[in-house]
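**Q** Could you put the whole structure together from the sequences, leaning on the hints where they help?
Residue strings, one per chain:
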Amino acid sequence: MAGILVFVEQRNGVIRQASLQALSEANRQAGGDVAAVLVGSGVGDAAAGLGAYGAAKAFVADDPNLALYSAEGYGEAVAKAVESAAPDTVFFAGTAMGRDLAPRVAAKLGVDALADVVALEKDDDQLVARRPVYSSKAFATVDSGGKKPQVISLRPNVFAAEETGGTAEVVALDGLTLTIRAVVKELLDTGAGEIDVAEADIIVSGGRGLKGPENFALIRDLADVLGGAVGASRAAVDAGWIEHKHQVGQTGKVVSPSLYIAAGISGAIQHLAGMNSSKVIVAINKDPDAPIFKIADYGIVGDLFAVIPPMVEEVKKLAG
Amino acid sequence: MNCIVCVTSVPDTASVIKIGPDGKNIDETGIKWIVSPFDEYALEEALQITEAKGGEVTAVTYGPARAEAALRDCLARGAHQAVHVIGGEATLGDSFTIAKVLAKALEGREYDLILCGNMGVGTDCGQVGQMLAELLDIPHVANVSKLEVGENSLTAGRDVEGGQEQVESSLPALLTCQKGLNEPRYAALKGIMAAKRKPVDKIEVADLGIDEGTDAYYTVRSLELPPPKSEGTIIQGEDDPAGAAAQLVNLLRTEAKAI
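Heads up: the protein sequence lines correspond to chains C and S, in order. If you're matching positions, the first sequence starts at 3 in the working numbering and goes up one per residue. If you're matching positions, the second sequence starts at 32 in the working numbering and goes up one per residue.
FYI, nobody ran anything at the bench for these hints, they're computed from the structure. Careful: at least some of the hints might be erroneous.
[Said to hold, decoys possible] Listed below are several chain S residues computed to face chain C (Cβ distance under 10 angstroms; list not exhaustive):
{"#": "1", "residue": "SER46"}
{"#": "2", "residue": "GLN161"}
{"#": "3", "residue": "GLU255"}
{"#": "4", "residue": "VAL280"}
{"#": "5", "residue": "LEU283"}
Remember, predicted model here, so these are calculated numbers, not experimental data. C-beta: ideal position from N, C-alpha, C; glycine also.
**A** What follows is the structure in structure tokens.
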């Protein structure tokens, strides 16, 4: 095979949407010359179904010691699949797991990796990649000069997942030694059922304009009716109003949802860098000169305390 | 407990990015270089560990002459010694080359922990730590916002989507550090004065047997600014906030098709 091998991520047997996106993109780029590698414990049943997203073959590493993620264990399994498939390119979804695993696997293969790729183009025999740098203040186009394999992680929610139908031939990966020195003992659910900003399709963020932690309830109300996640500016996080995991920006999370609503956020350059690749940006701010309006597709100059409650009601009406 | 802290110097996060004349690097005119913000959590953690358990903190960087300022900053905050591998002029360096350089530079040094930032702000790759751990054949835990270090092992909290993995690892190990782990200290005047007398071991990258030109795997073809955004629809909502809210929701539904 000279095509693309895709690491398919699962947690508790559930396959990540971002991995299906990566698989579909592999199918578009390699025209069917695509294999998947699935790693976990008791995950074999899901493997054949990956054919529906374009995998002709699915390598499966199934072992109780792989029930929870580890860079060493999963890295060994993926390297073994690379050895069998000899692909030109290895794709990972750019999730917490993919962004951790891709560089470890690349180093094992003795090559560099590209993180957070947002566009791919075929040029002769290689893939040319575009990735944001300086938190999307600029974009770099890079190539490997024909060197192979290429190890690439794709930014989630940028590439479309496409069901094409088909069944994958399942191949078991045997003979793994699994020397795991950094062991995940458990996965604590710190989200309390909330949608993580890194994965959300809609984000409503609050900043200093909220004036206090209690007013994040307004942001939460709007996020809830929209089925979105709650984000925050660094100012709100540093003031202790909300946890760091909600922070959007250069030292928080860089996001690109379909809809980003910034309320009471003036738009420091570090914040804009973290969200300016969102598809639709909405700003709600009292200050008409706030920098956030310069990148907003829609905006309201006004008091967020007067604007958000009626917005919540209007959205409820839409839901009927 | 000896700690190595890998730092990189990056443009201040408030920098306006302009493209340089070669179209492949940023224009460095007027850029203020700082220690990458995530590296500050790595340094702080190393300082706290050695303060509690003894041992030394060695700060290591790979970069051109200007990167020495980052090492002086680390020394001023309390690092005991520093290693400067001189090279890496390209502002968008190749992660694997950087990892190879660091691995070579660490040969023969004793350490229990290597701490890095979770990513270099700017290149935004977040790959060097994992690659360095693989090259050194030690375990790593990335994106750490909670840490307890014992005699021969550590327990780390690693942030993932919607949760935190609780990871136990043997030592030596490599960690990449995330906001929330600690509150980085500032350098005091006394520390800044003392830093001037602390040793910085300088190594030319070529002396490590690494050829930056031929060893680079990826080449930047071009660097571009994002296309400028067209002007948005801004509604004046001071007088009739409810009306503005209704208009906005309607636009998001019918025009933007975003909800």
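**Q** Does each hint fit the structure? Answer for all of them.
**A** Hint check:
1. Hint status for SER46/S relative to chain C: holds, with the closest Cβ pair at about 8 angstroms, below 10 angstroms.
2. The closest approach between the C-beta of GLN161/S and any C-beta of chain C is roughly 4 angstroms, which is under the 10 angstroms cut-off, so the hint is satisfied.
3. With its C-beta approaching chain C no nearer than about 5 angstroms, GLU255/S sits inside the 10 angstroms limit, and its interface hint holds.
4. With its C-beta approaching chain C no nearer than about 4 angstroms, VAL280/S sits inside the 10 angstroms limit, and its interface hint holds.
5. For LEU283/S, the suggested interface contact is upheld, since its CB lies about 7 angstroms from the closest CB of chain C, less than 10 angstroms.
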